[in-house]
Amino acid sequence: MSAVETTSPTLRKTALNAVHRQMGAKMVDFNGWEMPVEYPSAGGILAEHNAVRTGVGIFDVSHMGDIRLQGPQALNAVQHISMNDAARLAIGQAQYSALLYPQGTFVDDVIVHRLGDDEYLLVINAGTREKDFSWVRDNTREFDCKVENLSDDFTQIAIQGPRAVDLLQRLTNANLAAIKFYWVTSGTVCGLKEILIARTGYTAEDGFEIYIPADEQTSAMVWNKILEAGKEFGALPCGLGARNTLRLEGKLPLYGHEISDTINVWEAGLDRFCKMEKSEFIGCEALEKAKAAGLKRTLVGLEMVERGIARDGYKVLDDGGREIGYVTSGSYAPFLKKNIALAYVRPEFSNIGSTVKVEIRGQGVKAQVVPTPFYKRPKK
Amino acid sequence: MSYPSDFRYAKSHEWVKPDGKSATIGITNYAQESLGDIVFVDLPKVGSEITAGKSFGSVESVKAVSDLYAPVSGTVTAVNDELAKSPENINKDAHGAWMLKLDAKNPEELKSLLSAADYEKFVAEEGGH
Numbered sequence: 001m002s003a004v005e006t007t008s009p010t011l012r013k014t015a016l017n018a019v020h021r022q023m024g025a026k027m028v029d030f031n032g033w034e035m036p037v038e039y040p041s042a043g044g045i046l047a048e049h050n051a052v053r054t055g056v057g058i059f060d061v062s063h064m065g066d067i068r069l070q071g072p073q074a075l076n077a078v079q080h081i082s083m084n085d086a087a088r089l090a091i092g093q094a095q096y097s098a099l100l101y102p103q104g105t106f107v108d109d110v111i112v113h114r115l116g117d118d119e120y121l122l123v124i125n126a127g128t129r130e131k132d133f134s135w136v137r138d139n140t141r142e143f144d145c146k147v148e149n150l151s152d153d154f155t156q157i158a159i160q161g162p163r164a165v166d167l168l169q170r171l172t173n174a175n176l177a178a179i180k181f182y183w184v185t186s187g188t189v190c191g192l193k194e195i196l197i198a199r200t201g202y203t204a205e206d207g208f209e210i211y212i213p214a215d216e217q218t219s220a221m222v223w224n225k226i227l228e229a230g231k232e233f234g235a236l237p238c239g240l241g242a243r244n245t246l247r248l249e250g251k252l253p254l255y256g257h258e259i260s261d262t263i264n265v266w267e268a269g270l271d272r273f274c275k276m277e278k279s280e281f282i283g284c285e286a287l288e289k290a291k292a293a294g295l296k297r298t299l300v301g302l303e304m305v306e307r308g309i310a311r312d313g314y315k316v317l318d319d320g321g322r323e324i325g326y327v328t329s330g331s332y333a334p335f336l337k338k339n340i341a342l343a344y345v346r347p348e349f350s351n352i353g354s355t356v357k358v359e360i361r362g363q364g365v366k367a368q369v370v371p372t373p374f375y376k377r378p379k380k
Numbered sequence: 001m002s003y004p005s006d007f008r009y010a011k012s013h014e015w016v017k018p019d020g021k022s023a024t025i026g027i028t029n030y031a032q033e034s035l036g037d038i039v040f041v042d043l044p045k046v047g048s049e050i051t052a053g054k055s056f057g058s059v060e061s062v063k064a065v066s067d068l069y070a071p072v073s074g075t076v077t078a079v080n081d082e083l084a085k086s087p088e089n090i091n092k093d094a095h096g097a098w099m100l101k102l103d104a105k106n107p108e109e110l111k112s113l114l115s116a117a118d119y120e121k122f123v124a125e126e127g128g129h
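The listed protein sequences derive, respectively, from chains A and B. Per the working numbering, the first sequence starts with residue 1, numbered consecutively. Per the working numbering, the second sequence starts with residue 1, numbered consecutively.
FYI, nobody ran anything at the bench for these hints, they're computed from the structure. Possibly wrong hints are sitting among the right ones.
To be verified - Among the chain B residues that face chain A by a calculated CB cut under 7 Å, a handful are:
1. GLY36
2. VAL39
3. GLU60
4. LYS63
Even glycine gets a Cβ: it sits at the ideal position worked out from N, Cα and C.
Here chain B stands alone, though its shape is the one from the complex (with noise of 0.2 Å):
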């Protein structure tokens, strides 16, 4: 699985695509892969606040719950609905997926994430151990 190279990364497993001021946020694949079939999204209200390593919500499969944590800080525009009725469609599509659309507070935070090939070679060590 490729790590779309407009993308930015997370080291907690979250991508942010930005677009001018705008940015949509979703989880990894690897994020999918390690939490296996994913049965339950919990994300915020659009006009939330979202801060910059701060928890904005949950994912959950089977087994585990996982907080979901914001890559960069912002204003919610819009949630994808659909992963409340379907978010199997994480599994299918990590990369596509997406969860929020945020309004970017400070695209500064952009530049502390990792680059699709650094974020590939971390997890790469982390799932390596």
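Excised from the complex, chain A in its bound form (with noise of 0.2 Å):
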């Protein structure tokens, strides 16, 4: 067997850092960040991801960034560097979007949230955090609005899982029965007034995104009551190991995978939450070009036939041996029990039913291509 990754002493770390430790989590380097990636002690990946699917699960996600924009002309701004249309928003609506380079390929996908009548909140990934402040504050100059990283402000914790709205309910003043997927309000959590509670997740299930204050000792403090008023809902802490597997069978991107710098809108397959007939935004007219020219990849959901786990950049190749396209993320789906993976393929293979093969040590290993997400939570 081969050696074990460790951690180097440069990286940063969350406010909940010492908590994950006392815990016994396994920690990480995940974009420059020391994370929990499991607590082997509360039960390891496969039950922490079956925690979420069944019950709740909880993470540190204060890894994630966030930006708001605020002032007469937030509106023209967030709608100038986002693919979504931030119109729509209701004041405490949240969309899922995208921020574009005028290549029509990601800069990185956000949750923009309505705060106010002005007020918008960008939230955006660890590993992009200072070139997406950047960005959105290079490219928004020309508006009259002001544009702050706060980023470091909060502890972001997400309460995931049928159970969320449950446990949380106990913890907050706010009434959650009426905040739908997608909203966001605010109110008293473990006594803590005017917090942000987003009913937003990265697990293809309910749940919620509640932003605290990031010092250590209030940080523990919500922590700690979130996983004691969990016991009866068996909560687990979940690290980043179930969260990937868990966004993979929802088929929910990841920056540096299914959507990056190289890879456009269509390619992702990402079209619904991109508003082409919307003002004009950063990347539009690139994606009009591309549109035409059509697509030269598109990402599919395969399932592993033959015995074998497709990972992140194995080829996937023709029944000839020909390369026709490569794998974007790929493991075991642990609430499914499948081999499964999501990969950029050339169109003609796309069609699900299509067999093809992940080159895995050397050796074609079938595969098909299925439909996707892999996993729809259950209508209640």
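Take each chain as given, in its own frame, and dock them per the hints.
Here it is, written out as structure tokens:
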């Protein structure tokens, strides 16, 4: 067996770092952040994953960044830098969107929350925090709005799973039943006033993300209260390992994998979040042209037919062994109990039911193109 | 977790249980702990030749793929097929969940492997940094 990864001392830490270590979490380097990948003593990745599918799981996602745009032209600024139509957002509503380069490829994917008349909060990825903030600031200078990087102000905790609503309701005065998916409110949580509570997540499950002050003491207090209250619901602390397999089952893109600065919106299949009919936005011209030119590759879901796990970067081959694409994310799917993957392939191989091969350690292993998302949560 | 004293151990975290000319091979408890939940095992077929220090297969957790290295050389005489269906058996009992049985070529190779006590010391240092 080969060696195990360890973390270096220069990594950034969230306010909950000491708490994770106390709980015996296995820590890894994730985009420059020292984050828990799993909590072996609480169950490990498989148990954590399934807790979120069937009960509730708690994640520290404070490595995510936050950018606030505020001012008379905040909406114009958001419209200019993001591909979804923020004009459709009511106060308290959120949408999935993306920041694009002029080529129509991804700076990052984001969640845009409308917090007030002229106030928007963009939640961005850890690995792209600085790049995103510079991008937003540099591309909104012509608008009358203030752009602030609030990334270090919040500890962000995700409470995810079918029982998330029951758990969080024990700790807040906000009426959670009244908050629809992709809406946001504020309320008292664990005695802290005016806490942002968003019904969002990255697990393909119902759930909430709360934004609390980033000091260690407050962060630890809230984390521990959530876990304590979660006992009766079988809540588990969950690491980035489960976060990744959960999002993969739900086909939620990960920056650097399904989306990147070389992949465009059409290739990634994110058409429904890209509103070409709205006012101009960065990347829209290139996307018009790309649409007219047609797709050269497209994102598909694969299920392994023969034994083997497709991993990120593995080649996808046709029956004759010719390279037709590559895997962007692949894993054993803990809830579905299958080996699944997302891959970019040439469009002629993207039909559901098509048989392809994934090259695993020099061998072509049979896989099939299947409908995505692999997992859809049951309707209540 | 104790390491059986009649096993020999490789620094790449495989164990060997010698029994005359025959040898049984698996991965150590330290290995399964480092890997986390094991979801896939790829092992050679009966009749294959494996060579000490060379990869003979792989073991995969949710997060990672790790090569398995042969602690000794020989011809595979039996494979634990149950691990294909239930790879989690390795997590449950790493020293019981054997992978291969070998007709060992060169019993001298065992001498270069660690005793239980030395292996325990070795992993304590490896895990401690």
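>> Checking each numbered hint in turn, tell me which of them this model violates, lowest number first.
In response: Per hint list: zero violations.
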